[in-house]
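Student: So you can see what is in the structure, the chains are spelled out below.
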Amino acid sequence: MNKHPSNQAVCQTDPSFIEEIRKIPGGDKILDCIQCGVCAGSCHARFAMDYSPMQILKMAHLGLKQEVLSSSTIWICASCYTCASRCPRSLNIPAIMSGFKHMAMKNNVKAPIELKPKFHKAFTEIVGKYGRMHEPALQLKLTKKTSPRQLLHNASLGVRMLRKGKLNLKPSKLASTTRFSRVVEKTLKEET
Amino acid sequence: MKKPKIGVYNCHCGGNISDTVEVAKVKKDISKCPGVEVCETYEYMCSKPGQDMIERDIKERKLNGVVVASCSPRMHLDTFRGAGKRAGLNPYLLDMANIREQCSWVHDNKQLATNKATDLIRGLTERVQHLEPLEARNMPVNKDVAVIGGGIAGILASIELADKGYKVYLVERDPSIGGHMAQLSKTFPTLDCSACILTPKMVYVSQHPNIEIIDMAEPVAVSGSPGNYEVDLRIRPRYVDKEKCTACGECAKVCPVKKVNNHEEGLTQEKCIHLPFKQAVPAAYVIDKEHCLWFDKGVCRVCEKFCKGKAVAFDQKEEKRQLKVGAIITCTGYQQLDAELSKELLNGWNALSQYGFGLHPDVVTNLQFERLMLQGMHKPSNGKPPKKVAFVLCVGSRMDHGIQYCCKIGCMNAIKQSLLLLKAFPEAEPWVFYTDIRAHGKGYEEFYSKARDHNVKFIRGRVAEVVPDGDHLIVRAEDTILGRHIEETFDLVVLSPALLPNTGTSELSKMLRVDLGEDGFFLERHHKLRPVDSKMEGVYLAGCALGPKDIRETTIETMATASKVATFLGRGEVSVSPEKAYITPEKCNGCGVCFTHCPAKAIESTSKGVVINSISCTGCGVCVPKCPAEAIDLTQSSDAQLLAQVKGTIEGPGESPRILAFLEKTTAYGSADLAGQTRVPYSSNVRIISVPSTGRVGSKHVLQAFASGADGVILIEGDDSQFREDGIRDHVNSIKKELGKFGIESLRVISTTTTLPQYDKVVNLFQTFDERITKMGRVAPEKRHKIAQTLAGGK
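Residue numbers (our numbering), protein chains in the order written: chain A, 37 to 228; chain B, 13 to 807.
FYI, nobody ran anything at the bench for these hints, they're computed from the structure.
Keep in mind it's a predicted model, so treat the numbers as computed, not measured.
Any given hint could be a false lead.
[As the list claims (entries may be wrong)] Quick look at which bits of chain A chain B covers, simulated, 3 or more residues with Cβ under 8 Å: (1) 81 to 89; (2) 124 to 135; (3) 211 to 222.
[As the list claims (entries may be wrong)] Some chain B residues well away from chain A (every beta-carbon gap over 10 Å; in silico): (4) E242; (5) D327; (6) R474; (7) T492; (8) D503; (9) L541.
[What the hints assert, rightly or not] Chain A is faced by these chain B residues, among others (derived, beta-carbon under 7 Å): (10) R410; (11) E519; (12) K522.
All residues carry an ideal CB built from backbone N, CA and C; glycine is no exception.
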């Protein structure tokens with residue numbers, strides 16, 4: 037059986053999916069899409085995606101919830117906003133993609149790239165803790181969440197960054213992280 | 013005042029009414045009403061025997077007022093007025109009570125329906141006693157026509173009317189007529205040469221005894237009324253005498269200044285003294301004042317020395333001229349989106365530079381491509397023939413804001429240009445990047461098919477970006493059908509920019525007192541049935557002034573417009589409805605409050621005092637309650653008539669709450685009729701009175717309603733009304749304030765707007781408001797008494 041998505045019939049559509057999407061930031065305008073393809077043509081990460089952003093929007097219209105949430109596209113989107121700035125219908129596609137990421141995590145949909153949700157979690161934890169990014173801590177957390185191989189994977193990059201003084205072993209913190217932590221806490225609470 | 017002798021005719025409508033309304037009881041009650049001479053019921057009042065009955069009674073009983081209680085006046089008012097007229101009764105002395113659509117069809121309870129029908133009829137009998145005989149007036153019209161804009165629409169409209177014998181002034185802003193069509197190479201889908209079909213028409217216009225071309229002229233003010241307009245023109249100097257110039261071209265040979273050639277869309281240069289284009293009409297040279305050395309530095313005038321015919325005239329001055337015409341046709345056309353307009357309309361985004369326009373000479377607009385084709389196809393950068401050409405459609409069109417509409421010509425034009433390119437260079441490779449191909453005209457789909465047969469590549473995907481790469485251009489897009497990214501190199505990129513209303517459209521709309529639509533183009537009177545009429549009688553529209561369209565569609569529209577103008581002028585006079593506002597000069601103190609409120613701008617201050625132009629006045633009555641001196645009144649909806657009707661409708665016996673609904677007579681009233689036709693029930697507590705506009709209802713009338721027994725008042729305006737939303741809000745607030753003085757809660761008044769099909773909205777409002785009023789209970793009799801006393805004191 038040919039498993040390429042374009043050979044699969046559209047079935048198991050979920051009519052309530054569109055209502056769910058309308059609740060996510062930027063999702064209220066999703067039916068405005070005219071399927072022109074500017075987003076797909078503009079996307080710098082398109083080559084790595086299984087579906088183009090335009091196709092994801094169309095699949096969302098049709099209610100292909102499982103396929104949308106298990107696609108690699110929603111995780112590969114780098115939120116560069118090129119698509120959003122060019123969309124003739126002013127759709128905030130990166131925001132919608134973020135919404136899909138949340139939805140996928142909430143619904144425990146297995147991401148095609150296992151690292152991605154873990155990365156997002158680790159990222160949030162670190163930013164929540166320090167108020168800023170700290171790459172060595174991120175690397176450690178990610179390694180803990182995945183496998184020691186992850187450490188090796190980025191080792192040479194780490195060394196190079198260290199040499200150029202781009203990596204601080206000591207985390208830089210916000211002067212006061214308490215208020216910021218509250219923001220993060222509240223957001224995470226609302227998410228769950 | 014004459015003693016009222018009113019005949020009331022109650023229709024059964026074959027059971028439609030009589031199954032719910034007990035007509036015998038109605039007849040009994042109404043017969044007792046003051047002023048009623050006779051009350052009859054009949055199976056079908058609209059049938060011949062029914063009408064005969066009315067005619068007979070008018071003649072024999074000398075009736076001076078008639079009420080027909082039957083269906084909606086929208087259905088049969090003209091029928092019954094016709095019967096009245098035949099019997100010698102002034103048609104404006106007859107009115108109708110709507111006891112079918114607004115009573116028997118929407119209520120089930122026989123007793124309540126019968127009471128309501130009686131109330132409605134009583135209200136009308138009171139009203140009819142105050143009606144005055146009116147005559148529709150006729151005004152002679154000026155039979156000349158001003159056509160504004162000399163593109164293909166203006167040219168065809170002028171010819172059509174001039175051939176019918178009308179005198180036409182064709183006003184053109186540029187030095188030559190012809191418009192955008194003069195710039196085109198060939199036209200789709202027939203591929204006939206644009207100039208070959210246009211220029212003979214231009215020549216015909218110039219030689220027609222009934223047409224005067226006024227070039228380099230723009231209207232600066234329009235005054236007057238339908239059938240008799242005055243159009244003030246500003247005529248810019250050409251600095252060349254049109255009559256003397258032979259277009260020999262000696263002047264241009266010696267002129268030292270070069271400037272951008274507008275006709276060639278900026279692709280080439282021309283001399284400062286130039287012929288707009290070879291086939292220009294009038295065929296005379298023109299000096300571009302901005303670039304001329306004489307106007308800039310006070311030197312040169314070489315052209316003058318070399319002109320053998322002594323046609324160069326540096327002493328020409330700007331002129332003013334007034335045209336007196338009966339009708340005006342607006343054919344002002346379109347302009348293409350450019351960088352400036354794009355930034356203005358699309359939140360600072362330059363739709364053209366995203367596609368490399370302005371960054372690389374080989375990115376051109378489709379209009380520039382037309383010129384390249386006529387110059388001999390070449391790349392602007394190096395003059396070499398292009399091989400691979402990308403056509404980028406929907407540049408700045410179909411946005412969610414700014415420019416929401418489709419340019420309508422981009423698809424077919426790109427297909428045409430692809431085929432023309434292939435004809436010139438069979439080895440060329442045209443690619444058309446489209447969002448949706450729209451090939452909806454006669455022969456268009458076949459034309460599209462032909463392009464596919466010729467191996468034009470159609471890529472379904474809006475282009476993401478065009479990036480200059482040395483001599484070439486890289487086009488990035490998604491082929492949305494394959495779901496694959498495309499990154500191809502091209503020699504030439506042709507953009508299809510959005511079409512916009514021409515510069516000056518909004519200024520002209522203000523002069524003409526005509527509305528623009530949300531898209532910025534002129535708004536037609538009715539999208540389906542009056543597509544070339546403007547809001548103003550005597551002002552007509554044609555071509556791209558109304559919205560983007562192709563030449564064929566423009567031609568069809570122009571013919572329609574010319575026909576409408578001929579009908580309008582051909583009657584020789586305009587019939588002016590007598591339902592108008594008028595001023596009692598003795599009461600008017602000239603304060604001018606009415607000027608600001610009149611939506612038709614029909615009120616003017618003259619040497620004879622404040623005057624309402626009875627032709628421009630639409631009879632909406634918004635001015636009447638606004639007048640602090642009570643100097644304005646409305647024929648056919650006067651204060652006396654309305655107060656009498658309010659009183660009569662509301663003061664019948666019964667314990668249930670009374671709600672009086674004032675509905676604007678066309679849209680809102682029609683919407684309530686539609687509810688009846690669809691048999692959507694609502695509370696019989698609601699009684700409807702038709703008014704020219706809710707702005708006509710003053711606090712006086714609402715107070716009268718409460719004094720006479722009303723417990724709530726509804727005001728519904730038509731969505732398309734001239735009485736705009738903020739005006740309605742202010743108006744209703746002032747009414748509520750007045751009511752507050754007597755302790756009447758503001759919740760007892762509600763207002764809204766509706767479109768004709770939104771009868772659900774109207775019925776919902778009736779229902780929820782009825783529930784509210786029932787909950788609030790009836791108004792205390794003391795309050796009513798206090799209002800009644802104040803109203804009586806006021807008189």
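Student: Look at each hint and say if it fits the structure.
Tutor: So, going through the hints one by one against the coordinates:
1. 81 to 89: holds (count 4)
2. 124 to 135: holds (count 3)
3. 211 to 222: violated (count 0)
4. E242: Since the minimum Cβ distance to chain A is about 44 Å, B/E242 lies beyond 10 Å and the statement holds.
5. D327: The claim holds: B/D327 sits with its nearest Cβ about 52 Å from chain A, beyond 10 Å.
6. R474: violated, 4 Å
7. T492: violated, 4 Å
8. D503: Fine: 20 Å to the nearest Cβ keeps B/D503 off the interface.
9. L541: holds, 30 Å
10. R410: Result: holds, 6 Å to nearest chain A Cβ.
11. E519: violated, 29 Å
12. K522: Status violated, d = 30 Å.
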